[in-house]
Amino acid sequence: MSALIIIAAITVVALGLGMRARQGHDMNLEQWSVGGRSFGTAFVFLLMAGEIYTTFTFLGGSGFAYGKGAPVYYILAYATLAYIISYWMLPPIWRYAKSHRLMSQPHFFSRKYSSPALGVLVAVVDVAALVPYLVLQFKGLGIIVATASYGAIASTTAIWIGAVVVTAYVIVSGVRGCAWNSALKDVMILAIALFLGIYLPIHHYGGLGEMFRQIDAAKPGFLTFPPRGQGIIWFQSTVLLTALGFFMWPHTFASSYTAKNDRIFRRNAMLLPLYQLILLFVFFCGFAAVLKVPGLTGGNIDLSLFKLSLMTFDPWFIGVIGAAGVLTALVPGSMILTTASTLVANDIYRGVLSRNADDAKVARIARFLVPVIALVAVGFTLNGGETIVALLLMGYNFVTQLFPALVCSLAARNRVTKQGAFCGIVAGVAVVALTTLMHVSIGQLMPFLPDALKDVNIGFLALAVNVVVLAIVSAITQPRAGEAPTRAGAH
Amino acid sequence: MSLRLLAALPFIGILLGVPFVNRTEPLVLGMPLVLAWIVLWVVLTAAIMGVVYLFDPANRQPDAVDTEVQP
Chain S
96 MSALIIIAAI TVVALGLGMR ARQGHDMNLE QWSVGGRSFG TAFVFLLMAG EIYTTFTFLG
156 GSGFAYGKGA PVYYILAYAT LAYIISYWML PPIWRYAKSH RLMSQPHFFS RKYSSPALGV
216 LVAVVDVAAL VPYLVLQFKG LGIIVATASY GAIASTTAIW IGAVVVTAYV IVSGVRGCAW
276 NSALKDVMIL AIALFLGIYL PIHHYGGLGE MFRQIDAAKP GFLTFPPRGQ GIIWFQSTVL
336 LTALGFFMWP HTFASSYTAK NDRIFRRNAM LLPLYQLILL FVFFCGFAAV LKVPGLTGGN
396 IDLSLFKLSL MTFDPWFIGV IGAAGVLTAL VPGSMILTTA STLVANDIYR GVLSRNADDA
456 KVARIARFLV PVIALVAVGF TLNGGETIVA LLLMGYNFVT QLFPALVCSL AARNRVTKQG
516 AFCGIVAGVA VVALTTLMHV SIGQLMPFLP DALKDVNIGF LALAVNVVVL AIVSAITQPR
576 AGEAPTRAGA H
Chain H
32 MSLRLLAALP FIGILLGVPF VNRTEPLVLG MPLVLAWIVL WVVLTAAIMG VVYLFDPANR
92 QPDAVDTEVQ P
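One line per chain: the protein sequences are S and H, in this order.
Every letter in the first sequence is one number past the one before it in the numbering used here, and letter 398, counting from 1, is 493.
Every letter in the second sequence is one number past the one before it in the numbering used here, and letter 65, counting from 1, is 96.
Hints are computed from structural coordinates only; laboratory data are not their basis.
Check each hint, because a few of them may be wrong.
Where chain S lies over chain H, by a calculated footprint (3+ residues, C-beta under 8 Å) [to be verified]: (1) 35-43; (2) 60-68; (3) 82-90.
Yeah, the Cβ is synthetic: ideal placement off N, Cα and C, and Gly gets one too.
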């Protein structure tokens, strides 16, 4: 009962904080979707860090460590490399977005390449990637509440309550609500992860080193990359691929628009790597569960952190962990919801149906879409089954396909044409969709390759096809010398 | 340009270094060697980006230039 009260209390606080965030601001489209481009280092930092601490990392990070062992290390590596890239990539994106008053990621593409069609394509790819991501947050929320309330609240009920709370404060405050709740969430998750990651190994094993020694003795090879499957080649290719895709998620991309100036990104590039070391302590929780709650398989590996906590702590503390877990679902969920609604309203509605709609109308439609998208996600969550994880992995590979066209558009002289960008993205996305749905790996597609290369992440193939198509189509469609090329790019 | 070379180090350390340290023993700070190696590079990355920030001329312009609204 005490656990339930704590979880309920934090949900109410999140709702209140999210609602209150609009105070003193006239919520026009620019305020709602990108916070009036007025956020300082701290808020931009929290929005970008919010991307790392989702239910996927809280439950999935510990579950991955529990179920797979060493491959979980990749989570720590890819974001670090992504932040290095962000130092040079985000400032020009931000400057362009600011001078053209952009609201979303597809908006960026359609302006850079002077092609509304490209904007619509990017918006469609984005929404296809975002909805499974939102579903995953809701699913995690259900698991957390059902477990932490000792079954008193069914996960279905929890999902509905969570969806209503998020919808309410996103409609009212947009991205400002997300920012305030990010602050609350990060303080809680920071404290909990640190505490659990230090306490659990000491309590159950007598220390960190002793824990790893015992795991190594019981399961030799569990703590290093295996020779096949998710081995070193898999690690290298996945880290590189996800590092490139990291800022291509539309909600992360758009959260860069909220910054007050471009120096914020450079400062954050040095702070964010340290901040995500907290993930290390999440891994420790998962590893601690390996020998103490053995036997979880399949989707249940994600419960390892909670199962171990249940046998270690009093109910009230389970409530605190559950409350932190609820926030890791609500906050990213609200960011995804804000972004997805802005995308559909600004880029699909304004891009296709009504070119001349003004900002006020688009803002109204975006707000109207919030509950619609939330309902779609709840529907998938309750009926989706296990396929959703496959969809999420597909989503990550989807957004990564935007990377080549984006990077080229930042060059001083962009030789890529809108046709090239369009065809490249279509080709890449098609390869991702086909290979994911047919469950093929590089090894199956190209059996002639040396063994070592067979475990390369399949996303690389898609990216390679994307780049080749982009280059060929751009070469064919180069504007002739006589015509003045309608090059995009302000700076 | 040399700043970018410096920033390439973590890519080399993490992506190319891992095959050489893919071992559990010796434990470093209680962690398996390969994990400790990745953690070391995360910390070094923060340090390297700190150096890059300090020496990047883009950060020496006064704030006024940064926040100027482009037409």
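Do the hints match the structure? See the list:
Coverage of the region 35-43 of chain H by chain S holds in this model, with 4 residues showing a Cβ closer than 8 Å to a Cβ of that chain against a need of three. Check on the region 60-68 of chain H: 6 of its residues sit with their Cβ under 8 Å from a Cβ of chain S, so the three-residue criterion for coverage holds. Restraint check on the region 82-90 of chain H versus chain S: 5 residues with Cβ-Cβ distances below 8 Å, three needed, restraint holds.
When each numbered hint is compared with the structure, no violation occurs for any of them.
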